[in-house]
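Participant: One letter stands for each residue in the lines below.
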Amino acid sequence: MSPKAKKSFQISDLFRSQMMIPVIAILLLTIFNLIIGPSFFNIRLEENNLGNAVLSGNLITILDNGSELAILAIGMTLVTAASGGQDISVGATIAIAGSAILKILCGDNPHPETMQAPIILAFLVGILAAMACGAFNGILVAYFKIQPMVATLILFTAGRSIAAWINNNELPIIKDIEFSYFGGFIPGIAVPTPFLIAVVCVIVIFLVMKFTNLGLYTQSVGINENASKLIGLNPVTIKFMTFVILGVCVAVCGLIKVSRISSINYSVIAKDIEMDAILAVALGGNALSGGKFSMAASILGAYVIQYLTTTLYRMKVPADALPAYKAVVVILLVVLSAPTVREFFSKRSKKLKTTRRGVA
Amino acid sequence: MSKKKSGGLGDRIRKMSDTNLLLTITIIVFFAMYISAIAFMGSGFLKPQTFCNILNNQAALIISACGMSIVMITGGIDISVGGVAALVSMSCAVHLDYQNGSVFTAVLIALGIGLAFGLVQGFLVAYLDIQPFIVSLAGMFFARGMTTIVNTKPFNVAHEGFKALKETRLYIPGLGSVNKKGAFVNAYVEIGVVVALVVVLVFFIVLRWTRQGRNFYAVGGSRQSALMLGINVKRTRFYSHLICSILAGIGGFVYFMHVGSGSASHAQGMEMEAIASSIIGGTMLTGGVGNVLGTLFGVLSLSTIKNIVTSAGFDKAWWTGITVAGMLCIFLVIQSVLMSWKKKAMSGGDGNS
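Taken in sequence, the protein lines are chains L and A.
In this text, residue positions in the first sequence follow the numbering used here: the first is 1, and each later residue adds one.
In this text, residue positions in the second sequence follow the numbering used here: the first is 1, and each later residue adds one.
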């Protein structure tokens, strides 16, 4: 009797766990793709136009293109957990960071033959720029107590304009192949670099969560700000810090984004990525009103979004119509995970069990 | 007794409700901005037509922002209004040109789209208790995607009846300016402006003097208290989203009437502009505070500053974005500082009495 009871408890536990939505979504998408045709999962070793042997296939595309979203989801989860709001300026700050990186690399001439500065220097400047943006948002949210969505609306409106301003509205182009490694492949390594960068970011954040109290403090501030103040935490600093950490994530994304095309388009780069990043957090089952969070679920959520996108492309859905299908899937997932709906189903299953027992 | 002189400015501010205080600030700032624009930017702003053009260009935004304010007062948010407006303009354009529909059925389509979005989003938010941000985010994705599914290419509408409606100008008697040839030209507004002003008036009355209107404030202020007072919280939230989406539909049609074409890239960023104008108009995203009259002035302030920037010679594209953001920033900080100062003054006052 007891092992059976334990098992059913575990199943219901999984059902209640945050990982449920992304895991179920991945399973559903995989089954769907298997039915349509298992060739979707083929992975080949091909030679790209630079003469390197690289992996290619739909799964690799998912890992490659989902990386930026996964990196952003890390920072967005922390911000959501601590402040109970979302940063909608990440797309615009990616443009700022990317523009700053290109400005340093190009110097005065927008189309230089060689890079004018080492990449690491440019990347550091990009990180500084993005951290400054994060700090600006953080000050407004933490010190002035403005709701995060409203506070970040400021950089959302101004960000792309500032990015264009940094480079005087010119479109710099980097011809050096070395710069394109970050968004493509490093010679000799068959795995796309953005995925490797994402893995590094994930490892770093998990080490930070394991060896510091960041996760614990963030959650306690998100659950009850006043209570955490009374037990000696400083909610202002913690909220501020989450925004700065998001700034670092944004800078990494900015580097990948500009490296992918070795250039920048101010109005198009990372467009609507803030919506996808918030969606990743929500798909990970995290409450958008703050409090407890699961980092792994958010990251998985980011890859679910990319999986969905790639699957839709496979179904020959035109790029412009993509959002409509995405919306339907998102609503289905969110409705299924809504507390009221879950309660309804669990009541149903209980009733079913009792009637069955009665019959027996 | 209070140590401060009664009737002093600080005392009067303390007595004001948050809604009225923020509304007053918005109106003062708008007039200060417009008067300084007249003083420093020359006579262009003195012409009534300049002001009427602001109204003509922003009529759709005023309508959508009113809906947004109501949702924000109730403590929610709706970022699907821009997408709905684009979907409405494309659907109406296709209906008029490809299906030879009439203007009347086009209006019905606009209202129907708004109603459908409102019903679904309202149900999901209010009765299934899903976060409004996610619901309306999906709504925005859906509307934008559907727009391209309805028709991919942008095109101008050539329907006769619609064109007549689009070019109808209502001249304001007595207001106008002398043009270069020396003839007196009356200032005009488009039909959309009348619709917008009616919407503002109706919802100003609804929010101030009807029970449903007061319910919005109560639910936004504190859902728990509203529930204990016997207010149907779920239905109130449902209504707020319903009203917002229907207004987004009407706003979409007014937008369509102004631009006269259907395109998937129409009304891009309208949701954020609506949120920004609501905030400038004194509506707080936390709920319970706000006013549609303030929203009207918020929209006007936002477009006045844009006009000032372009006419002041900062014609480079990025200046508009930066100034609007700067203005938003100043408003937010003023609101935040004022609110915390008032809270302190209030608690101090309670201690004295």
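Please keep in mind that the hints were generated in silico from the structure rather than gathered at the bench.
Because the structure is a prediction, the values reported are computed rather than measured.
The C-beta atom is built at its ideal place from N, Cα and C for all residues, glycine as well.
Careful: at least some of the hints might be erroneous.
As the list claims (entries may be wrong) - Okay, the calculated bits of chain A under chain L, using three or more residues with CB under 8 Å as the criterion:
(1) 30–41
(2) 320–326
To be verified - Taking lysine-lysine and the DSBU-like style, the derived pairs with C-alpha atoms no more than 35 Å apart in a straight line are:
(3) L:Lys229 with A:Lys344
(4) A:Lys153 with A:Lys181
(5) A:Lys342 with L:Lys145
Participant: Within 35 Å, alpha carbon to alpha carbon, are lysine 153 (chain A) and lysine 181 (chain A)?
Facilitator: violated (41 Å)
Participant: Need the status of pair lysine 342 (chain A), lysine 145 (chain L): alpha-carbon distance at most 35 Å?
Facilitator: holds (14 Å)
Participant: Taken at face value, is the distance from the CA of lysine 344 (chain A) to the CA of lysine 229 (chain L) at most 35 Å?
Facilitator: Given that 35 Å is the threshold and the Cα spacing comes to 19 Å, the pair holds.
Participant: With a Cβ-Cβ cutoff of 8 Å, does the segment 320–326 of chain A contain at least three residues near chain L?
Facilitator: holds (count 6)
Participant: Has the segment 30–41 of chain A got at least three residues whose CB is nearer than 8 Å to a CB belonging to chain L?
Facilitator: It is violated, with 0 qualifying residues against the three required.
The structure is inconsistent with the numbered hints 1 and 4, although it conforms to all the rest.
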